[in-house]
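Undergrad: Listed here are the chains, written in short residue letters.
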Amino acid sequence: MDDYEPGPVPSPRPLDRFGFVKPELNISPDGLIKGRSACEYEREERRVRKWRKMIGAGGSDWKHYVRRKPHVVRRRIRKGIPDCLRGLVWQLISGSRDLLLMNPGVYEQLVIYETSASELDIIRDISRTFPSHVFFQQRHGPGQRSLYNVLKAYSVFDRDVGYVQGMGFLAGLLLLYMSEEDAFWLLVALLKGAVHAPMEGLYLAFSFVPLPIFVTEVGDGYFRWRWQKWVGLPLVQQYLFQFDHLVREHLPKLGEHFTQEMINPSMYASQWFITVFSYSFPFHLALRIWDVFLYEGVKIVFKVGLALLKYCADDLVKLPFEKLIHALRNFPKDAMDPDTLLPMAYSIKVSKRLEEMKQEYENKNGKTAESAECNEKQKQA
Amino acid sequence: MATTGNKNINSKLVLLGDVGAGKSSLVLRFVKGQFIEFQESTIGAAFFSQTLAVNDATVKFEIWDTAGQERYHSLAPMYYRGAAAAIIVYDISNQASFERAKKWVQELQSQGNPNMVMALAGNKADLVDTRKVAAEANATGFVLQLTCLQEEAQQYAQENGLFFMETSAKTAANVNEIFHEIAKRLPRVQPQNPSGMVLMDRPAERVASASCCS
Ligand SMILES: Nc1nc2c(ncn2[C@@H]2O[C@H](COP(=O)(O)OP(=O)(O)O)[C@@H](O)[C@H]2O)c(=O)[nH]1
Ligand SMILES: [Mg+2]
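Those protein sequence lines, which keep their order, are chains A and B.
The opening residue of the first sequence carries number 1 in the UniProt record's numbering; numbering runs sequentially from there.
The opening residue of the second sequence carries number 1 in the UniProt record's numbering; numbering runs sequentially from there.
Source of the hints: derived by calculation from the structure; they are not laboratory data.
Possibly wrong hints are sitting among the right ones.
[Said to hold, decoys possible] Below, computed lysine to any residue pairings styled on SDA-like, alpha-carbon distance capped at 20 angstroms:
{"#": "1", "chain 1": "B", "residue 1": "60", "chain 2": "A", "residue 2": "261"}
{"#": "2", "chain 1": "B", "residue 1": "170", "chain 2": "A", "residue 2": "127"}
{"#": "3", "chain 1": "A", "residue 1": "310", "chain 2": "A", "residue 2": "339"}
{"#": "4", "chain 1": "A", "residue 1": "323", "chain 2": "B", "residue 2": "103"}
{"#": "5", "chain 1": "B", "residue 1": "103", "chain 2": "A", "residue 2": "121"}
{"#": "6", "chain 1": "A", "residue 1": "22", "chain 2": "B", "residue 2": "158"}
{"#": "7", "chain 1": "B", "residue 1": "103", "chain 2": "A", "residue 2": "205"}
{"#": "8", "chain 1": "A", "residue 1": "22", "chain 2": "B", "residue 2": "34"}
{"#": "9", "chain 1": "A", "residue 1": "299", "chain 2": "A", "residue 2": "262"}
{"#": "10", "chain 1": "B", "residue 1": "60", "chain 2": "A", "residue 2": "321"}
{"#": "11", "chain 1": "A", "residue 1": "323", "chain 2": "B", "residue 2": "28"}
{"#": "12", "chain 1": "B", "residue 1": "170", "chain 2": "A", "residue 2": "124"}
{"#": "13", "chain 1": "A", "residue 1": "323", "chain 2": "B", "residue 2": "60"}
{"#": "14", "chain 1": "B", "residue 1": "170", "chain 2": "A", "residue 2": "326"}
{"#": "15", "chain 1": "B", "residue 1": "60", "chain 2": "A", "residue 2": "319"}
{"#": "16", "chain 1": "A", "residue 1": "22", "chain 2": "B", "residue 2": "39"}
{"#": "17", "chain 1": "A", "residue 1": "323", "chain 2": "B", "residue 2": "48"}
{"#": "18", "chain 1": "A", "residue 1": "323", "chain 2": "B", "residue 2": "170"}
{"#": "19", "chain 1": "B", "residue 1": "32", "chain 2": "A", "residue 2": "327"}
{"#": "20", "chain 1": "A", "residue 1": "22", "chain 2": "B", "residue 2": "170"}
{"#": "21", "chain 1": "B", "residue 1": "170", "chain 2": "A", "residue 2": "131"}
{"#": "22", "chain 1": "B", "residue 1": "60", "chain 2": "A", "residue 2": "322"}
{"#": "23", "chain 1": "A", "residue 1": "364", "chain 2": "B", "residue 2": "74"}
{"#": "24", "chain 1": "B", "residue 1": "32", "chain 2": "A", "residue 2": "70"}
{"#": "25", "chain 1": "B", "residue 1": "170", "chain 2": "B", "residue 2": "50"}
{"#": "26", "chain 1": "A", "residue 1": "323", "chain 2": "B", "residue 2": "49"}
{"#": "27", "chain 1": "B", "residue 1": "32", "chain 2": "A", "residue 2": "310"}
{"#": "28", "chain 1": "B", "residue 1": "60", "chain 2": "A", "residue 2": "320"}
{"#": "29", "chain 1": "A", "residue 1": "323", "chain 2": "B", "residue 2": "31"}
{"#": "30", "chain 1": "A", "residue 1": "22", "chain 2": "B", "residue 2": "40"}
{"#": "31", "chain 1": "B", "residue 1": "60", "chain 2": "A", "residue 2": "205"}
{"#": "32", "chain 1": "A", "residue 1": "50", "chain 2": "A", "residue 2": "70"}
{"#": "33", "chain 1": "B", "residue 1": "60", "chain 2": "A", "residue 2": "262"}
{"#": "34", "chain 1": "A", "residue 1": "323", "chain 2": "B", "residue 2": "32"}
{"#": "35", "chain 1": "A", "residue 1": "22", "chain 2": "B", "residue 2": "38"}
[What the hints assert, rightly or not] To be clear about the criterion: a stretch of chain B counts as covered by chain A if any three or more of its residues have a C-beta under 8 angstroms from a C-beta of chain A, and this derived list gives those stretches:
{"#": "36", "region": "40-48"}
{"#": "37", "region": "71-81"}
Even glycine gets a Cβ: it sits at the ideal position worked out from N, Cα and C.
Go ahead and model the full structure; you've got the sequences and the hints to work with.
TA: Dropping the structure here:
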């Protein structure tokens, strides 16, 4: 097992069960090591046994099982992957294990022999990523070094994306459950799209947007587009566009209130998408979201976002701008309970509308450079 | 500057500047009086508010702290459009962050609210004092370099109609002062603008109609 188990690092302050230094006042009950009843303990044991059977030794039975019973797998994942198997299962469901096996030695090469233009940027952020977690607290300690290596390797592996603030939280979360090399390939699987649509657009500097006013006729009924405009973090923009519409459709009253108070999703939801809830969100909830995210894809981020708003809607519609912004970044504890929030999230259907709104967004804003280039030739008058 | 009329002014303020220059630390110091050595990096943007009494008026700052990385640039206009004030922050020990600050000033001059009150903050001023002692002993060029940057910044600010201060979020030096100075410089009379929220209009409209990329 690659699971990282926090060693007995001396720390003057008490830690929660995930290794975060406990905030002095507001202690989350879910973060604490609770005295479990014998009954609960046994149930957990049974659950782990079931999971082990499903996975097989080192993941050997996994693919077979998923093919035969995808719905059982989905149901179990939605209930939460046992923490002791999380690291391994994440690698299996994300497709990163396959990438690792197909690319022996590549990670080492990237870490040791390559240099990256982003090295300084990465270093600047290292001690500012999960600064309250023991593993990442120690200056130049193993946590910070691993984080640096993974981020540097990725910035070399994918020079278009390089390093972008926010990636550190993804990598940091992964490193708490797996080795550097495994975390690296999982990052690759996500951003390059091993199983689901690639998410590198979350971090890309730009994609081109055609400006119709620059279209000029070049003869024979052909037009030349001029790619003048670009949009940073194109996928974030698209997700925010989609999320805005979903809020209005699912929670019209709240949507109306947001309009009146001039709140738009980029003020509160950009980090949900950029870090998949791993930034300033309760860790136990983030993990449960990641379980589902890696298996079912990004739509869970929309669902959880909507569920949060739905849960708090009655309060939110009463708040003026400033209180509203505050509330949207500090949801109450009961809203953050995975066993309340996630079932609510699962019940919200978004897939079809997401697809439609993606089309709408693309029509409105033009496609990415590649698909747009094909357009050019077809664009006959 | 007229100081009659509105006694309560709401003013949107945005912090811009390179990654790690100390934007979040400055806000944290101003709003909560704290300094955290390892301040978590800002993803997206964060909102704060703080009220100041200046002469006969109270100014309530609605502050947007932004992410500094170049890549996040496309999210920034939404926060600076319609802002009444901006603090452009650089790190006095980092020449590149000063260059970045100048780019922000240019962008605000061409895209921002033309009446915007702009402050240039050379942050981490405490580093001068620490290094000065060392430098006097071994005569490295460090202090010289910092002094040059200070003069350059001063001159740049003058030429571009900003006011300049060296600040330290760590020691709190000049932090309240810079916000105070901004508050004093804000136009006092905001005709047909009773709520103060009108300043938010433009960005919100843009976002509602175009979502981005206009
Ligand atoms: N010595 C010193 N360090 C500072 C000061 N302000 C911020 N820092 C440090 O610089 C780093 C970046 O600060 P932060 O506020 O996150 O910068 P931001 O990226 O511009 O928001 C943090 O480690 C801070 O502790 C200062 O005035 N003096
Ligand atoms: Mg910051």
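Undergrad: Evaluate each hint against the coordinates.
TA: Structure-based check of each hint:
1. Taking the CA atoms of residue 60 of chain B and residue 261 of chain A, the gap is about 17 angstroms. The hint holds against a cut of 20 angstroms.
2. Taken as a hint, the residue 170 of chain B and residue 127 of chain A pair is honoured in the structure, with Cα atoms around 17 angstroms apart against an allowance of 20 angstroms.
3. Annotation: proposed proximity of residue 310 of chain A to residue 339 of chain A holds, straight-line Cα distance about 15 angstroms (limit 20 angstroms).
4. Distance hint between residue 323 of chain A and residue 103 of chain B is unfulfilled; the C-alpha atoms sit about 33 angstroms from each other, more than 20 angstroms.
5. Only pairs whose Cα atoms come within 20 angstroms are accepted, and residue 103 of chain B paired with residue 121 of chain A is accepted, the gap being roughly 18 angstroms.
6. At roughly 47 angstroms between alpha-carbon atoms, residue 22 of chain A and residue 158 of chain B are farther apart than 20 angstroms, so this suggested pair is violated.
7. Distance restraint check for residue 103 of chain B and residue 205 of chain A: the Cα-Cα separation of roughly 17 angstroms lies within the 20 angstroms cut-off, and the hinted pair is therefore satisfied.
8. Distance check on the hinted pair: residue 22 of chain A and residue 34 of chain B sit about 19 angstroms apart at the alpha-carbon level, within 20 angstroms; holds.
9. With a CA separation close to 25 angstroms, the supplied pair residue 299 of chain A and residue 262 of chain A exceeds the 20 angstroms bound.
10. Our distance criterion of 20 angstroms between C-alpha atoms is met by residue 60 of chain B and residue 321 of chain A, whose separation comes to about 14 angstroms.
11. Between the alpha carbons of residue 323 of chain A and residue 28 of chain B the distance comes to roughly 18 angstroms, so the proposed pair stays at or under 20 angstroms and holds.
12. A C-alpha spacing of about 17 angstroms is found between residue 170 of chain B and residue 124 of chain A, which places the hinted pair at or below 20 angstroms, so the restraint holds.
13. Only pairs whose Cα atoms come within 20 angstroms are accepted, and residue 323 of chain A paired with residue 60 of chain B is accepted, the gap being roughly 14 angstroms.
14. Using a Cα cut-off of 20 angstroms, the hinted pair residue 170 of chain B and residue 326 of chain A is violated, with the two alpha carbons roughly 25 angstroms apart.
15. For the proposed pair residue 60 of chain B and residue 319 of chain A, the alpha carbon gap of about 18 angstroms is at most 20 angstroms, so the pair holds.
16. Of the pairs offered as hints, the one joining residue 22 of chain A and residue 39 of chain B holds, with about 16 angstroms between alpha carbons and a cut-off of 20 angstroms not exceeded.
17. A hinted pair counts as satisfied when its Cα atoms are at most 20 angstroms apart, and residue 323 of chain A with residue 48 of chain B qualifies at roughly 10 angstroms.
18. This hinted pair does not check out: residue 323 of chain A and residue 170 of chain B have alpha carbons roughly 28 angstroms apart, beyond 20 angstroms.
19. Between residue 32 of chain B and residue 327 of chain A, the direct Cα distance comes to roughly 18 angstroms. Compliance with the 20 angstroms bound is thereby established for this hinted pair.
20. Proposed proximity of residue 22 of chain A and residue 170 of chain B is contradicted: the alpha carbons are some 24 angstroms apart, above 20 angstroms.
21. Between residue 170 of chain B and residue 131 of chain A the CA atoms are separated by roughly 18 angstroms; this keeps the pair inside 20 angstroms, and the hint holds.
22. Only pairs whose Cα atoms come within 20 angstroms are accepted, and residue 60 of chain B paired with residue 322 of chain A is accepted, the gap being roughly 12 angstroms.
23. Distance check on the hinted pair: residue 364 of chain A and residue 74 of chain B sit about 17 angstroms apart at the alpha-carbon level, within 20 angstroms; holds.
24. A threshold of 20 angstroms between alpha carbons decides the hint, and for residue 32 of chain B with residue 70 of chain A the separation of about 50 angstroms lies outside it, so the pair is violated.
25. At most 20 angstroms may separate the alpha-carbon atoms for a hinted pair to count; residue 170 of chain B and residue 50 of chain B meet this at roughly 19 angstroms.
26. For the given pair, residue 323 of chain A sits about 10 angstroms from residue 49 of chain B by alpha-carbon distance, which is consistent with the 20 angstroms threshold.
27. Note on residue 32 of chain B and residue 310 of chain A: the hinted pairing is violated, with a Cα-Cα distance of about 31 angstroms set against a maximum of 20 angstroms.
28. Of the pairs offered as hints, the one joining residue 60 of chain B and residue 320 of chain A holds, with about 15 angstroms between alpha carbons and a cut-off of 20 angstroms not exceeded.
29. For a cut-off of 20 angstroms, the pair hint linking residue 323 of chain A to residue 31 of chain B stands: about 16 angstroms separates their Cα positions.
30. Distance hint between residue 22 of chain A and residue 40 of chain B is fulfilled; the C-alpha atoms sit about 16 angstroms from each other, no more than 20 angstroms.
31. Straight-line distance between C-alpha atoms of residue 60 of chain B and residue 205 of chain A comes to about 35 angstroms, which puts the hinted pair past the 20 angstroms bound.
32. Between residue 50 of chain A and residue 70 of chain A the alpha-carbon distance is near 15 angstroms, which keeps this suggested pair within the 20 angstroms criterion.
33. Between the alpha carbons of residue 60 of chain B and residue 262 of chain A the distance comes to roughly 18 angstroms, so the proposed pair stays at or under 20 angstroms and holds.
34. The suggested pairing of residue 323 of chain A with residue 32 of chain B holds, with an alpha-carbon distance near 17 angstroms, which does not exceed 20 angstroms.
35. The hinted pair formed by residue 22 of chain A and residue 38 of chain B meets the criterion: a straight-line CA distance of about 16 angstroms does not exceed 20 angstroms.
36. For the region 40-48 of chain B, the stated coverage by chain A holds: 8 residues have a C-beta nearer than 8 angstroms to a C-beta of that chain, and at least 3 were required.
37. Coverage of a stretch by a chain is defined here by at least three residues with a beta carbon nearer than 8 angstroms to that chain's beta carbons; for the region 71-81 of chain B and chain A the count is 6, and the condition holds.
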